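Protein chains: 2
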Amino acid sequence: MSQDLEYIPLEDAKCLATDILLAAGLSEGHAEAIAKSVVSAQRDECFSHGLWRLLGCVATVSKGKVDPKAVPAIDASAPGIVKVDAKFGFSLLAFREGLPDLIGKANRFGIAAMAINHCYHFSALWPEIEEITEAGLVALAMTPSHSWVAPAGGKKPVFGTNPIAFGWPRPASNPFVFDFATSAAARGEIELHRRAGKPIPLGWAIDSDGNDTADATKAMEGAMLTFGGHKGSALSAMIELMAGPLIADMTSAESMAFDEGAGVAPCHGEIIIALDPKVFLGSGMEQNMRRAEDMFAAITSQGARLPSQRRYEARARNESRGIPVQTSLLEELKSTLASLA
Amino acid sequence: MSQDLEYIPLEDAKCLATDILLAAGLSEGHAEAIAKSVVSAQRDECFSHGLWRLLGCVATVSKGKVDPKAVPAIDASAPGIVKVDAKFGFSLLAFREGLPDLIGKANRFGIAAMAINHCYHFSALWPEIEEITEAGLVALAMTPSHSWVAPAGGKKPVFGTNPIAFGWPRPASNPFVFDFATSAAARGEIELHRRAGKPIPLGWAIDSDGNDTADATKAMEGAMLTFGGHKGSALSAMIELMAGPLIADMTSAESMAFDEGAGVAPCHGEIIIALDPKVFLGSGMEQNMRRAEDMFAAITSQGARLPSQRRYEARARNESRGIPVQTSLLEELKSTLASLA
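Residue numbers (our numbering), protein chains in the order written: chain A, 54 to 394; chain B, 54 to 394.
Everything labelled a hint here was simulated from the structure, so no lab data went into it. Do not rely on the hints blindly, as some may be mistaken.
The list treats identical chains as interchangeable, and a pair is accepted whether it falls inside one copy or across any two copies.
What the hints assert, rightly or not - Straight-line Cα separation of at most 25 Å, SDA-like style, residue types lysine to any residue; simulated pairs:
id, residue 1, residue 2
1, Lys387, Glu98
2, Lys251, Gly282
3, Lys271, Gly356
4, Lys116, Ala77
5, Lys67, Gly337
6, Lys208, Ala357
All values derive from a computational prediction rather than experimental measurement.
Let the hints inform the model, and build the full structure from the sequences given.
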């Protein structure tokens, strides 16, 4: 992909994304929710979760796996839980539909969980985390993927790349947000090294015999590793359990089997926990939010970065000059739209 | 400390621990709760959280920091939250007193949180996690400590060693439990290397100029590092926020300042989240618990270990032959008891 960038207005990017998704057969709700997420990622220069993902959405629809017009069904009967059945549609509309109940329950009980089930998932978690922090809540989200990652001490894949994301609302600035895979590297990174014929760093993966490998082809045939050794592996297992069996949905291994080799966006669940600082803190709200700010200042004042700082800097840059899009990607998106029309 | 081990009956270990704690001035409730925790750790051969910690408890009491007879106060007025004010006593009695409310709220709402405030904390989190899984619940616990750990990209300490622990109940075997510090190594490990004049592995710490160091003395003067680079650092920040400002308690930096160089057990808060699979799963309980077992089997069948496997093996060994105690430690504990009597 060429790295020549064009800058297009935010609204144009949204329209292009929405038009492609509608032309691919998605309902309006799905198209809007997905367009919002991928345009936000593109704006923040998270290109791996940006407009490029529209091509994957179109492919996932064309392979007949996803229901492009699925209407999510909400079950909010358990006091502290919102269950949203995405009915084998994409995840983002289900999130949008369930969010008001999640916020309402967190406001009322202090803590609440949302389980999104039976959804095709390809998006970053941080846009969802940001939306929850906008309601003044603390948020934690997890999701499995496909079983590409070996547990510590093992050599066969069990876990997905299993991202975990967290958000903390900040009164006077962008929220504190992180969102990372519990695999040592993204699968796409290894694939890029393979295509370029370049070695991968040791620690990313093992070959099919369980030996460390710098060979990207052998890594793709073997297993990826988690970040942080046995600690990362333990976290990845937690994510499988919390965003799988706990919410009656598939583990990464089951999701991979369900895909039947189609190679589309993985189908599985997602769990989101929201906590309301107002309920936890009452009249101590202001003092404790300041306490958190003191900690952030202790990090940034020594020149270290907060997790999303690069992303927020990109956002600030691009809000005036427009959304950066790779010229070749823009052409591909336009021709995709033309071919669908 | 000599590694010669003696094996003493579980009840004898409990009595010795309780007697020492009572002699040090702790109330019966505190003595029982602490004895249970340190004897469990000793039984499981987690010696760093075992009987050895009694010496630290006695020192913390003798320095006049902790209230040895503090009576925890419970505020369960928010529907999904149990707040337990430990009133500057040790944490374990507060946990024990709040646990029935935490379980009750999780049973009712599906998810609930317990905030323990103003507690002196020295114990492993896994014994608490195990108790929650015994009630059939999934559990997640976090706590700060003292600010010894630098954020990724920084060189000055901000975070504590900040442990995170998780548990998943298993119908037919010991629960799936992990409990690890988000620092790359335990502070005690670095201290042991310093005393032995041995270099520490790179990646554990930096010197006061922010450079990687293998020198344990320079590491103690500089800062420890988190495990897993920027990902571990992000998790450590999350733990500071969730187990600090969110529950109206001190961050690791504040806790260290509060200690005023006394070097006793750190005083801060702890957050525990409990989730009830029965509420999440309803009639799908059995099927989804089996799904989790399938994942555990995929890990163990390839020769990889589950996080607490070594601990459970030690427990099984020691249940019949008795609790292993280092001879020198046993002598020290007995003479401590004699000196307090």
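Each hint tested on the structure:
1. Lys387 - Glu98: For Lys387 and Glu98, the Cα distance is within 25 Å only inside one copy (20 Å; across copies 63 Å).
2. Lys251 - Gly282: both (24 Å within a copy, 23 Å between copies)
3. Lys271 - Gly356: Between. Shortest inter-copy distance 21 Å satisfies the 25 Å Cα cut-off; intra-copy 39 Å does not.
4. Lys116 - Ala77: Within one copy only: 11 Å inside a chain, 71 Å across chains, cut-off 25 Å.
5. Lys67 - Gly337: This pair counts as neither: shortest intra-copy Cα distance 41 Å, inter-copy 40 Å.
6. Lys208 - Ala357: Close across copies (8 Å), not inside one copy (35 Å); limit 25 Å.
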